[in-house]
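As you go down the protein sequences, you meet chains A and R in turn.
Take any residue in the first sequence, count from 1 to its spot, add 4: that is its number in the working numbering.
Take any residue in the second sequence, count from 1 to its spot, add 31: that is its number in the working numbering.
A hint or two may mislead.
Claimed, not checked - Ranges of calculated distance between the beta carbons of each label pair, as one might list FRET restraints:
(1) G47/R <-> L55/A: 46 to 54 angstroms
(2) Q99/A <-> E99/R: 16 to 24 angstroms
(3) P25/A <-> E99/R: 36 to 44 angstroms
(4) V145/R <-> L43/A: 39 to 47 angstroms
(5) L55/A <-> L115/R: 39 to 47 angstroms
(6) K107/A <-> E90/R: 45 to 53 angstroms
(7) L115/R <-> Q46/A: 40 to 48 angstroms
(8) S29/A <-> E49/R: 39 to 47 angstroms
In short, the hints are calculated from the structure, not lab data.
All values derive from a computational prediction rather than experimental measurement.
The beta carbon of each residue, even a glycine, is placed where N, CA and C say it ideally should be.
These are the residues of each chain, in order.
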Amino acid sequence: DAKTTQPNSMESNEEEPVHLPCNHSTISGTDYIHWYRQLPSQGPEYVIHGLTSNVNNRMASLAIAEDRKSSTLILHRATLRDAAVYYCILRKREQNSKLTFGKGITLSVRP
Amino acid sequence: EPEVTQTPSHQVTQMGQEVILRCVPISNHLYFYWYRQILGQKVEFLVSFYNNEISEKSEIFDDQFSVERPDGSNFTLKIRSTKLEDSAMYFCASGGDSYNYGYTFGSGTRLTVV
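Just chain R, with the same shape it has in the complex (with noise of 0.2 angstroms):
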């Protein structure tokens, strides 16, 4: 069964720093997001990205987080100036071309800032 790759599986970084956070979506999928959980709360949505461009973002989605599609399988979520805040997991998902599908989620990348 097809399925959605994030990599790293963790990251651990320093406050301030840069990461990238990387997925690589089902093959013949179009639309592409971003959630993220933090430990013990829920699933928040992050951003939605269809045709190269952001769909739709959350409020979480501020300057700090951009989002790009490099290559056409890649998709990639940067957050520039990492805060202790930031610490969470990270889900990639991908979905086809009709609103009648259910997403596939990746495993996730944990981020913890120190």
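This is chain A alone, in the form it adopts within the complex (with noise of 0.2 angstroms):
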């Protein structure tokens, strides 16, 4: 499975843009990119995903790089709700594909 690679833990303020990266130099051209977060307690949450071109949805953005080799998560404006863990995910573009998750990124977001 390719690998991604993110920072272990990202600190923003409330009410401000949040940035996530995520490398991952060896995507192959069936894989999508993933992002789902954890909350405290709870379990993993789909946040957004993509192939090529730049996604947006209620909860995020996701930023894909043209060469497809990194990615970047948006949260518009960082509540105190979104405090929790962001994983970066390749999935590969067959039905049943499985996620495989790393250690993510902790993002803390202050009052």
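If you follow the hints, you should be able to join the two separate chains into one complex; please do so.
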């Protein structure tokens, strides 16, 4: 499985944008880039995913580099509820492919 | 918003006992998964299930583990003879009929083996 690299942690201020980076230099053409987050004492929660183009949804935006070797999850206005572990995961373009979680990046949000 | 429901939220069992963890996936989903997370560690894949059979399983998913979908709505994980090292959060997840989707996870069952 292709691997992703994320910083261990990041701090942000409430109501400011947050950019969470992810490197995936060994990504293959059939890999989707997925982001999940895990709030304390909860199960992982799907955030967003993309293949080549930038993506937006109600939770976040995903900016994908042109060569697809890196991506950035953007939270437009961080809230205290966004404090969580965020996982960048490459998922194979197959119907039943699993997710392989790394350590993720721990986001802290200061009031 | 549709949810994946897991029961019980917490189960304590004696070593060597059998446990069954239950999950109700989202009703129109076709793909089902179990993951686990030992305290302070990564979320680990256990098994995927589609069309009433196992699609893929990890090295963790040995002969002590089994899964089934007995009635078309529930999805269960059975551990035949629990060990202390089976203590973990167990998460069920389900997904729709395309690879272009995100999974929905349940809130987990905390299994404590004493």
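Status of each hint after checking the structure:
no., hint, in the structure
1, G47/R <-> L55/A: 46 to 54 angstroms, "holds, 47 angstroms"
2, Q99/A <-> E99/R: 16 to 24 angstroms, "holds, 21 angstroms"
3, P25/A <-> E99/R: 36 to 44 angstroms, "holds, 41 angstroms"
4, V145/R <-> L43/A: 39 to 47 angstroms, "violated, 28 angstroms"
5, L55/A <-> L115/R: 39 to 47 angstroms, "holds, 42 angstroms"
6, K107/A <-> E90/R: 45 to 53 angstroms, "violated, 20 angstroms"
7, L115/R <-> Q46/A: 40 to 48 angstroms, "violated, 25 angstroms"
8, S29/A <-> E49/R: 39 to 47 angstroms, "holds, 45 angstroms"
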